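Let the hints inform the model, and build the full structure from the sequences given.
Chains A and B, in that order, are what the protein sequence lines are. Position one of the first sequence corresponds to residue 1 (this note's numbering), numbered consecutively onward. Position one of the second sequence corresponds to residue 1001 (this note's numbering), numbered consecutively onward.
To be clear, the hints were calculated from the coordinates, so they are not data collected in a lab. All figures in this text were calculated on a predicted structure; none of them were measured in a lab. Hints are supplied without guarantee of correctness; some may be wrong.
[Claimed, not checked] Once the Cα atoms are required to be at most 30 Å apart in a straight line, the calculated DSS-like pairs of lysine-lysine come out as:
no.: 1; chain 1: B; residue 1: K1108; chain 2: A; residue 2: K16
no.: 2; chain 1: B; residue 1: K1052; chain 2: A; residue 2: K15
no.: 3; chain 1: B; residue 1: K1108; chain 2: A; residue 2: K17
no.: 4; chain 1: B; residue 1: K1052; chain 2: A; residue 2: K138
no.: 5; chain 1: A; residue 1: K17; chain 2: A; residue 2: K81
[Unchecked claim] Here are some chain A residues the structure puts well away from chain B; computed CB gaps all over 12 Å:
no.: 6; residue: A39
no.: 7; residue: N44
no.: 8; residue: R89
no.: 9; residue: G92
no.: 10; residue: W114
no.: 11; residue: A117
no.: 12; residue: V126
no.: 13; residue: E131
[To be verified] In silico negatives: residues of chain B with every beta carbon more than 12 Å from chain A:
no.: 14; residue: P1033
no.: 15; residue: P1061
no.: 16; residue: H1080
no.: 17; residue: Q1093
no.: 18; residue: E1094
no.: 19; residue: N1097
no.: 20; residue: A1101
no.: 21; residue: R1104
no.: 22; residue: N1105
no.: 23; residue: K1108
no.: 24; residue: E1112
no.: 25; residue: M1115
no.: 26; residue: R1116
no.: 27; residue: D1128
no.: 28; residue: S1129
no.: 29; residue: P1131
Using N, Cα and C, we set each Cβ at its ideal position, and we do this for glycine too.
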Amino acid sequence: MWRYEKRLEYPVNIKKKDLWMARTIITQYGGPDGELSAALRYLNQRYSMPDDNGKALLTDIGTEELAHLEMVATMVYQLMKGATIEELREAGMDRNYAQRGKDLFFTDAFGNPWTAAYIGAVGDPVADLSENMAAEQKARAVYENLIDLATDPAVIDPLVWLREREVVHFEMFRQLYDRYKNQNLI
Amino acid sequence: MNYRDKNIPMGPYTKPKPQPTPQMPTGTLNLFPPDEGFARGTIFRGLYEPYKKQTPLRPVPTTERERLLHDVNKYYFALHELRMYLDNFPNDQEAINIFTAFQRNYTKAKNEYEMRYEALDIEAPNLDSAPWNWTVGRWPWEGEM
Chain A
1 MWRYEKRLEY PVNIKKKDLW MARTIITQYG GPDGELSAAL RYLNQRYSMP
51 DDNGKALLTD IGTEELAHLE MVATMVYQLM KGATIEELRE AGMDRNYAQR
101 GKDLFFTDAF GNPWTAAYIG AVGDPVADLS ENMAAEQKAR AVYENLIDLA
151 TDPAVIDPLV WLREREVVHF EMFRQLYDRY KNQNLI
Chain B
1001 MNYRDKNIPM GPYTKPKPQP TPQMPTGTLN LFPPDEGFAR GTIFRGLYEP
1051 YKKQTPLRPV PTTERERLLH DVNKYYFALH ELRMYLDNFP NDQEAINIFT
1101 AFQRNYTKAK NEYEMRYEAL DIEAPNLDSA PWNWTVGRWP WEGEM
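Structure (structure tokens):
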């Protein structure tokens, strides 16, 4: 069961249209290290965590990733808002427009559609938690690349915030991983 | 990286020493105040790792509506952070005390916001008369906090 609160986890207020930036940020929506991958990865792995604390942590982090997915969607949506056909064509988004109009879609920055192959699940908590730690580091690195590319402070601020969340989640997963190792639970 | 001061021993399941009344916002957990933690993206001082020279823009609410929503955001965020921490360290009574205090702040801010402005979820007290309040106000992705 999930509930929705009608607010973003952290505010996003982008006023300047920037289709090129939208094309890069989309990878955190539907790319390999994006928020959809993260949410589904953790929410799917939680069933086989060896104790209730692990089940809780994967549920809570997976749930937060859904809020991040909404923030990333908001960024892309606001960056594309009001774009004309000519602007879309100039930014190389005419193919997107032909297929999907102005709808968002789960792709990486190259346009490859999201695939469940981005998600690991091998039924072994050491392997699964190691993957999650790597996933958080990869997402942190991607957010840093995006921050490097961004010029508008209204875009940079939520990216910096989301990057810090990856740092926190990595540490939460690491604590759980260490405890499982120490307690020989796995 | 540590959540706590280095001089306080801790293990995942060691029973914490009895603590005096929690000193919000910074007890032995070494937390940022909720405002600052929300702006930085973590309430745990030990986990804050800025990228290059990026400093967080502090969201500055300009209207009463924004101020109340900012309170809802920051207290929920602090609760969520503590919840994850407590998943790993469930015997930390000090963290639970801070959690309980933030719960009260969150509920108060959320109720006040919903009474005066828009419904945030299905529990909202202002979903009792026409026009249906769930459809009132901007959706979150439209901007303006």
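Practice item. Beyond 12 Å from every chain B Cβ: check whether that's true for E131/A. Key: 18 Å, holds
Practice item. Would you check whether the claim that V126/A is not at the interface survives, using Cβ distances to chain B and the 12 Å cut-off? Key: 16 Å, holds
**Study point:** Proposed proximity, K16/A with K1108/B (alpha carbon, max 30 Å)
**Key:** 35 Å, violated
Review point. Minimum Cβ separation between G92/A and chain B greater than 12 Å?
Key: Since the minimum Cβ distance to chain B is about 24 Å, G92/A lies beyond 12 Å and the statement holds.
Point to revise | Verdict on N44/A as a residue remote from chain B, using beta-carbon distances over 12 Å | key: With a cut-off of 12 Å, N44/A remains clear of chain B, as the shortest Cβ separation is near 18 Å.
**Study point:** P1061/B and chain A, when compared Cβ to Cβ, separated by more than 12 Å
**Key:** Since the minimum Cβ distance to chain A is about 10 Å, P1061/B lies within 12 Å and the statement is violated.
Review point. Any Cβ of chain A at or closer than 12 Å to R1116/B, or is the non-interface label fine?
Key: 15 Å, holds
Check your understanding: Just checking, K1108/B versus chain A, shortest CB gap more than 12 Å?
Key -> At roughly 16 Å from the nearest Cβ of chain A, K1108/B sits farther out than 12 Å, so the non-interface label holds.
Check your understanding: When you look at the beta carbon of D1128/B, is every beta carbon of chain A farther off than 12 Å?
Key -> It holds; D1128/B is separated from chain A by about 17 Å at its closest Cβ, greater than 12 Å.
**Study point:** Check on A1101/B being off the interface with chain A, judged by Cβ distance over 12 Å
**Key:** 20 Å, holds
Point to revise | E1094/B and chain A, when compared Cβ to Cβ, separated by more than 12 Å | key: Holds, since 17 Å exceeds 12 Å.
**Study point:** Exclusion check [E1112/B not at the chain A interface, CB over 12 Å]
**Key:** 14 Å, holds
In the structure shown, a violation is registered for the earlier hints numbered 1, 3, 15 and 16, in ascending order.
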